[in-house]
Amino acid sequence: MSGSLSNRNVVADVSPSSEGRLSSIRRSRAYRSFIRDKAAVVACGVIVIYVSIALLIVGAQLAAAVGQRVGVDLSDTFIVRELSLKASLDRVGPDSLPGFLETPTTDKRLQNAEFHLSRIRRAFERDDPLTAFENEQLAERTLADKPLDELRRLLEVALEQLATVDEDYLDLEILAEELVDARLDLVEATAHEDRQELLRAIADLEKQRNAAFQTVEEQLVQIEASIEALIPTPKGFRGLVYKARLLLGTDSQGRSILWRAIYSIRVATQVGLVSAIIAVVVGAFLGASAGFFGGWVDHAIVWLYSTLSSVPYIVLLTVVAFVFGSLQVTVPFTDGVQVHQTLIPMYVAFGVTFWIAPCRQIRGEAMKIRSLDYVQSATSLGAGRFYIMRRHVIPNVLFLVFINFSLIFIGAIKSEVILSFLGIGVVGQPSWGVMISESKSEVLNQFFWQIGTATVFMFGLVLAFNVFSDALQDAFDPKHAR
Amino acid sequence: MWAYVLRRILYNIPVYMGVILFLMLLLRLTDPVTAYLGKNPTYDQYITKRTNFGLDKPLLGDWQIGGRTWQEATGGFGGSHMVKGPGKGNAHVQWTLELPQGTYRLQATWPTRTGEDGQRVSLGSSGLVWWRVFEGNLHLRTIPTDQTRPPRSTEAYGVGWHELGTIEITRGEPLRVVLIDDSNKPVLADAIRVVPVRVSQGEPPEPFTIDATPDASDIEVKDDPWTFTRFVRSLWDNQYFSALAGIVTLDFQHYSWSVESQSVGNVIGSSIIPSLSVTLPVLVLTTLISTCLGLIASFNRGKPLDRVVMFLAVLGMSVSYLVYVIVGQYFGAQWPRLAFNVEIFATFGYKPVLPLWSQVQQSLQDSGVEDPGFFRTLVAWFASVPGSLSKWPYYCLLPVLIGVIVAMGYDTRYYRAVMVEECNKDYIRTARAKGASNSRVMFRHMLRNALIPIITRVMISLPFIIMGSLLVEIYFGIPGMGFKLFDAITNKDFPVVEAITAVLAAIFILTNILTDVLYAVVDPRVTLK
Numbered sequence: 282m283s284g285s286l287s288n289r290n291v292v293a294d295v296s297p298s299s300e301g302r303l304s305s306i307r308r309s310r311a312y313r314s315f316i317r318d319k320a321a322v323v324a325c326g327v328i329v330i331y332v333s334i335a336l337l338i339v340g341a342q343l344a345a346a347v348g349q350r351v352g353v354d355l356s357d358t359f360i361v362r363e364l365s366l367k368a369s370l371d372r373v374g375p376d377s378l379p380g381f382l383e384t385p386t387t388d389k390r391l392q393n394a395e396f397h398l399s400r401i402r403r404a405f406e407r408d409d410p411l412t413a414f415e416n417e418q419l420a421e422r423t424l425a426d427k428p429l430d431e432l433r434r435l436l437e438v439a440l441e442q443l444a445t446v447d448e449d450y451l452d453l454e455i456l457a458e459e460l461v462d463a464r465l466d467l468v469e470a471t472a473h474e475d476r477q478e479l480l481r482a483i484a485d486l487e488k489q490r491n492a493a494f495q496t497v498e499e500q501l502v503q504i505e506a507s508i509e510a511l512i513p514t515p516k517g518f519r520g521l522v523y524k525a526r527l528l529l530g531t532d533s534q535g536r537s538i539l540w541r542a543i544y545s546i547r548v549a550t551q552v553g554l555v556s557a558i559i560a561v562v563v564g565a566f567l568g569a570s571a572g573f574f575g576g577w578v579d580h581a582i583v584w585l586y587s588t589l590s591s592v593p594y595i596v597l598l599t600v601v602a603f604v605f606g607s608l609q610v611t612v613p614f615t616d617g618v619q620v621h622q623t624l625i626p627m628y629v630a631f632g633v634t635f636w637i638a639p640c641r642q643i644r645g646e647a648m649k650i651r652s653l654d655y656v657q658s659a660t661s662l663g664a665g666r667f668y669i670m671r672r673h674v675i676p677n678v679l680f681l682v683f684i685n686f687s688l689i690f691i692g693a694i695k696s697e698v699i700l701s702f703l704g705i706g707v708v709g710q711p712s713w714g715v716m717i718s719e720s721k722s723e724v725l726n727q728f729f730w731q732i733g734t735a736t737v738f739m740f741g742l743v744l745a746f747n748v749f750s751d752a753l754q755d756a757f758d759p760k761h762a763r
Numbered sequence: 006m007w008a009y010v011l012r013r014i015l016y017n018i019p020v021y022m023g024v025i026l027f028l029m030l031l032l033r034l035t036d037p038v039t040a041y042l043g044k045n046p047t048y049d050q051y052i053t054k055r056t057n058f059g060l061d062k063p064l065l066g067d068w069q070i071g072g073r074t075w076q077e078a079t080g081g082f083g084g085s086h087m088v089k090g091p092g093k094g095n096a097h098v099q100w101t102l103e104l105p106q107g108t109y110r111l112q113a114t115w116p117t118r119t120g121e122d123g124q125r126v127s128l129g130s131s132g133l134v135w136w137r138v139f140e141g142n143l144h145l146r147t148i149p150t151d152q153t154r155p156p157r158s159t160e161a162y163g164v165g166w167h168e169l170g171t172i173e174i175t176r177g178e179p180l181r182v183v184l185i186d187d188s189n190k191p192v193l194a195d196a197i198r199v200v201p202v203r204v205s206q207g208e209p210p211e212p213f214t215i216d217a218t219p220d221a222s223d224i225e226v227k228d229d230p231w232t233f234t235r236f237v238r239s240l241w242d243n244q245y246f247s248a249l250a251g252i253v254t255l256d257f258q259h260y261s262w263s264v265e266s267q268s269v270g271n272v273i274g275s276s277i278i279p280s281l282s283v284t285l286p287v288l289v290l291t292t293l294i295s296t297c298l299g300l301i302a303s304f305n306r307g308k309p310l311d312r313v314v315m316f317l318a319v320l321g322m323s324v325s326y327l328v329y330v331i332v333g334q335y336f337g338a339q340w341p342r343l344a345f346n347v348e349i350f351a352t353f354g355y356k357p358v359l360p361l362w363s364q365v366q367q368s369l370q371d372s373g374v375e376d377p378g379f380f381r382t383l384v385a386w387f388a389s390v391p392g393s394l395s396k397w398p399y400y401c402l403l404p405v406l407i408g409v410i411v412a413m414g415y416d417t418r419y420y421r422a423v424m425v426e427e428c429n430k431d432y433i434r435t436a437r438a439k440g441a442s443n444s445r446v447m448f449r450h451m452l453r454n455a456l457i458p459i460i461t462r463v464m465i466s467l468p469f470i471i472m473g474s475l476l477v478e479i480y481f482g483i484p485g486m487g488f489k490l491f492d493a494i495t496n497k498d499f500p501v502v503e504a505i506t507a508v509l510a511a512i513f514i515l516t517n518i519l520t521d522v523l524y525a526v527v528d529p530r531v532t533l534k
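Just so you know, the protein sequences line up as chains A and B, in that order. Counting the first sequence from 1 gives a position; this note's numbering is that position plus 281. Counting the second sequence from 1 gives a position; this note's numbering is that position plus 5.
FYI, nobody ran anything at the bench for these hints, they're computed from the structure. Any given hint might turn out to be false.
What the hints assert, rightly or not - Under the rule of at most 30 Å between Cα atoms (straight-line distance), these lysine-lysine pairs were calculated in the DSBU-like manner:
hint: 1; chain 1: A; residue 1: K649; chain 2: B; residue 2: K430
hint: 2; chain 1: B; residue 1: K93; chain 2: B; residue 2: K497
hint: 3; chain 1: B; residue 1: K497; chain 2: A; residue 2: K721
hint: 4; chain 1: B; residue 1: K190; chain 2: B; residue 2: K93
hint: 5; chain 1: B; residue 1: K190; chain 2: B; residue 2: K308
hint: 6; chain 1: A; residue 1: K319; chain 2: B; residue 2: K308
hint: 7; chain 1: B; residue 1: K396; chain 2: A; residue 2: K721
hint: 8; chain 1: B; residue 1: K93; chain 2: A; residue 2: K721
hint: 9; chain 1: B; residue 1: K227; chain 2: B; residue 2: K190
Stated by the list, open to error - To give a feel for the contact side, a few chain B residues facing chain A, derived at Cβ under 8 Å:
hint: 10; residue: G23
hint: 11; residue: V324
hint: 12; residue: L327
Claimed, not checked - Take a look, some chain B residues computed to stay more than 10 Å from chain A by CB distance:
hint: 13; residue: G72
hint: 14; residue: Q99
hint: 15; residue: V183
hint: 16; residue: N243
hint: 17; residue: F257
hint: 18; residue: S393
hint: 19; residue: T461
hint: 20; residue: V502
As the structure is a prediction and not an experimental result, all values here were calculated from the model. We treat Cβ as the ideally placed atom computed from N, Cα and C, and that holds for glycine.
The whole structure should be built from the sequences, with the hints applied where relevant.
Next up, the structure:
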């Protein structure tokens, strides 16, 4: 490895201009080996997509904040509005709505109709229904552009329909229960005549139930039409956005799962990036100093990381996140935001936990480099310690920095899920961890949309980083088995 | 060899001391007692919890030379107040008042400044400052106050006053109002105000205030000066060394805060078996399966089989642990019940997989044996092992399966890398050249040599085995070490958190030493380094 890497440095020494450096990187063995790995190139593309979505969200929020300070209200611009935290926390429809492809059950449809109608009725009980509904509005669904009296009449009709369908639905349930009972009787019955009679009764009940089901379905279609007349599904672009919002369903509080999953990209990237930067910078600095200077510095740093790594990683993570999460400290440069409301406890926990691996590896590598011939000869030529550090040590351990960066990124995203589940992770904003832990009770009700979405989104990023860091290791470290 | 072992042991002593120091500093970042008791504890609770956990001693040594006496400072009622650094209740400011029998309201103030928005902001930083009120020697009440907020119950003489409470003087002895320095932040003493409500004879007098100045006659100021002897004593009689001594002598007599009948030793002892009943099978199964997979993959390296196995491993690693647990619980325990009405696994809960000694003893006593001796109990214990053990699959098999699936990806990749490295060694080539068969090369030559990294990995995971899997234990309600730790964290039960983490670190270091020794036994080159 030292051969190829020092070779790269020689090339860089000869042509220090930026263009020359770029082409020297292109000619390096590591680059060629990396680019040959098709999966790694695809993974790079995926990572770029995720990161650019995160940047877009951050950019939109920054633009809104800057606009507010300057006096331009950007909060109604489509991009800024949809990418804001509020959009992922707002109710957009009934609870636990299934996503595309899955048609809701009759039971669920009835609940949805009740949900919409009760909201409209509540608005009409106020003095000024229009403004009252304005506050109740669900994303794009607003009251139809009709005279108030007509709307009121439509509402009354729909409510009447709802009352009848409620009764019919009750009948349907009773019939279904009777049917179950009759079938149980059939299993127990032994006499031939009894069985015949029961079979006839069951056939009769089935017919009745099917008829009742038919009426309920028909009535539901009517009610849905009335609701559509009251609060029409928007057309055109707004309709498209509305459809997209409900594409993957809603969670148990009626929030758009897709919007939450997209906003979580930002949270995940932020957590991964900040933790990885903290851990890698601290680890690289301490590791390089330990390996290069040796002596007491080395002893102290080795002692420090042996100490921290003697506490099992998950315990360290949990305890640090918990302690920093319960500190009553306000964050500087903000107006009274408490530390436990931010992501800072997580950064600290990840920083404390994850710096050890890069430190250990870089220390080993730096020790090896220090004893290499060309470093020895540079020393005998009178090169200073810092010159050697900058010229020979740092460039040659940089690959470890990159590999560790991407490994820590994965570690942070995955640990975020665990911390959020334990209640000491992300607070007050959506994240994949929060979504997965919230779907705990939904899974018991056979609702898999939220856990599925969060898992798929997270899977994409983590898999891409896994493939990417494997390819990096293969490219730089021939010993890493192929 | 022995010199090497001794060196490893000596090397790990400062590391363990560092672990305890780190944990101690970390857990003292917030005041454990106030974090546990909340904002309104009683003084007795406060003192009991503190002495119970040894928090009344200095952390590392009595360094604090300044801040041990009451200093005069400007600001507050009457233009000046007194301030003292954090203390342990040995110093105080005491107001003595001669009052006729009757009922009085007591108020106190502490200095404030005007903030940017015109609101009053307190100069104090301690969230818990204790006032104790006595009539003569009779303790009337102890009141906690929060000096981080400005006093604002009433307004008089241009400052706000905080209501301490209503007291009744029945015996006619002098009233003593004592502000003690029992706090982990500086304490401010400014002035008190007495508002008479009713007196036994005549009209109640006008409200009056008494400002705290060091030379006033009705005020007693007691300092807690720094002395050299106390400092020297604190160098060994401190929290740090008592914690170290407690662990070295295996003394876990502190009581848990949230479950007051249990000592931390009990908490840890009762949680080891439940943890092991899940993690031990996981370790054994994963090691066996993933070594085999690694061996197969490395032998077919570059071929489709290897690629498929490795790709599956990466896929498995990219899904969150929590998803495995949630989905696994649903499809393992919930779904069979809903769909087929069969109960294979428990969704939540745990029954001891090994009979409890005390229960066996109890059942013997119930069946008429007066005093079951050790031997008799032992026999009965063994007799009831199969019965208890038969509950294991119902409660623990599903968590074990989930654990195996999760760990498999990581382990298979690791073992494959180990095997591939062995594949390229000279001795394998020699063996092949000799004409050894494939299986002989694999199991006789390669696996034997690869055993060293395998043993290391297994050894390194031992502390995690004892720790148990935090998530699985919480999710399936298995009362192992991880579950207890999480319980303690959410209940802010600091003695248990500290004990569990310290024990885990100790086990970790012991296994480290053991691994090093094993290494030295297996590979004599190690000792030469």
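When the hints from earlier in the document are held up against this structure, which numbers fail?
5, 8 and 20
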